[in-house]
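Asks: Here's the letter readout for the chains.
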Amino acid sequence: MDGIHDMGGMDGFGPIPIERDEPIFHAAWEGRVWALNTALGAIGNWNIDASRYTLEQMDPALYLASSYYQRWLYRTENILVAHDMVSRAEIETPPEQRATVKQGEPLGIEEILEQRRTERSARVDADIPAQFQAGDKIRARNIHPKGHTRIPRYVRGKAGVIDRDHGVFIFPDTHAVFAGQKPQHLYSVCFTAREIWGDEASAVDKVYVDMWDDYLEPGHLEPGHLESGA
Amino acid sequence: MSEHSDHSHLSDSELRVRALESLLTDKGLVDPDALNTIVDTYENQVGPKNGARVVARAWVDPAFKQWLLKDGTAAIDSLGYVSTQGADIVVLENTAQVHNLTVCTLCSCYPWAVLGLPPAWYKSFPYRARAVKDPRGVLAEFGQGIADDVEIRVWDSTAEVRYLVLPERPAGTDGLDEEALSDLVTRNSMIGTDRLDGSVDGRVG
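Read top to bottom, the protein sequences are chains A and B.
Mapping of the first sequence onto our numbering: residues 18 to 247, in sequence order.
Mapping of the second sequence onto our numbering: residues 21 to 225, in sequence order.
Just chain A, with the same shape it has in the complex (with noise of 0.2 Å):
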């Protein structure tokens, strides 16, 4: 979706919060969200992708005026609820005022830790062949897809050569909706700046957005571009 998340080349933000000697977390709740969000992650009842696409169908004005963890807070009330795991209700109802019925036994960090390290990968150990190799002259397919998807709008259209193959991985756009993971091959794709941000761009910067197979489509370049083969 052509939503808020997707920030990459929007101007009046204004400079850089650095922040000298930053804390982990600024606060403690922002701990116990993060925590929480890798607690119930574990359980498996959604994935990374399903996990995105809820936050970024928060509502934009919402999403620009809340702070870091508390857009984790939302996508972590949202995500259970999507999944009936609690009630609006139950999140609405103060904890003196509900009785809650335990439903079974939570995971423990044993348990939790051994999720992350075997099954959060996104890699797909599967024999598809890559539509392209490094080198490859390729164009981002100029697509504007209404659910999940991980192609920024700014290399829409553009022209760029294959870097790198990473292999085969899972596809989020239809992983997100638990359509399947539609597993292909997953590139660096490589982006000269005046290619996406016009002449005033420097003549020497590039841009390297990871894209899958459905993203592309062959292309060429003009003259000029990406002589040295980056």
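If you are wondering where the hints come from, they were derived from the structure by calculation, not from laboratory data.
Being a predicted model, the structure only gives us computed values, none of them experimental.
One or more hints might be untrue.
[What the hints assert, rightly or not] Just the calculated beta-carbon pair ranges, DEER-fashion:
| no. | chain 1 | residue 1 | chain 2 | residue 2 | range |
| --- | --- | --- | --- | --- | --- |
| 1 | B | G163 | A | F195 | 41 to 51 Å |
| 2 | A | P112 | B | A116 | 52 to 62 Å |
| 3 | A | P146 | B | L99 | 45 to 55 Å |
| 4 | B | L35 | A | G61 | 22 to 32 Å |
| 5 | A | A99 | B | A160 | 53 to 63 Å |
Yeah, the Cβ is synthetic: ideal placement off N, Cα and C, and Gly gets one too.
Start from chain A and add chain B according to the hints.
Replies: Relative to chain A, chain B alone:
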């Protein structure tokens, strides 16, 4: 502002999180002790010191460096860090001619296993918006001027591949051992917003 109103203003999110954790604990969906361990792990154990050791090893061991650049995931695993993030890691080498910078424009992807959790600025809207479009302006805000003829490569982490920058070894460090070298490596140098040119800001040691 009274203590009470200040507290209630600050703790709206805190109250919501406490209520949610209480609900999930009562339901048997999470174990508070496991949450404690997860927080402790990332506050006190996993952090940029891991990445700094990887960098220092690459500086002193050419064979390791070659392996690291070819297969970052395997080379880093060989150092014995227990990865809590099952993502592939690709290592990008800075040289006199090339400077690498990493970002996640769509969310906040970051190589947790070697750098821990990202700083707030990495997750901020200005950084996500500008790193791909105006990397030289971004680097200038970190005090890093990059010569016009040095190629900046910005890596947008749009997939489950994590990028780690291998900074250039600073001049005048020939006599230092691996441990001392790792103390010179800053977190930001492994993200790409620092060049280890003598500044001590953001050292992980």
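Asks: Determine for every hint whether it applies to the structure shown.
Replies: Comparing the hints with the structure gives:
1. G163/B x F195/A: 41 to 51 Å: For G163/B and F195/A the Cβ distance comes to about 46 Å; the hint holds.
2. P112/A x A116/B: 52 to 62 Å: 59 Å, holds
3. P146/A x L99/B: 45 to 55 Å: For P146/A and L99/B the Cβ distance comes to about 34 Å; the hint is violated.
4. L35/B x G61/A: 22 to 32 Å: The hinted range 22 to 32 Å holds for L35/B and G61/A, with Cβ atoms some 29 Å apart.
5. A99/A x A160/B: 53 to 63 Å: 43 Å, violated
Of the numbered hints stated above, those contradicted by the structure are hints 3, 5, listed in ascending order.
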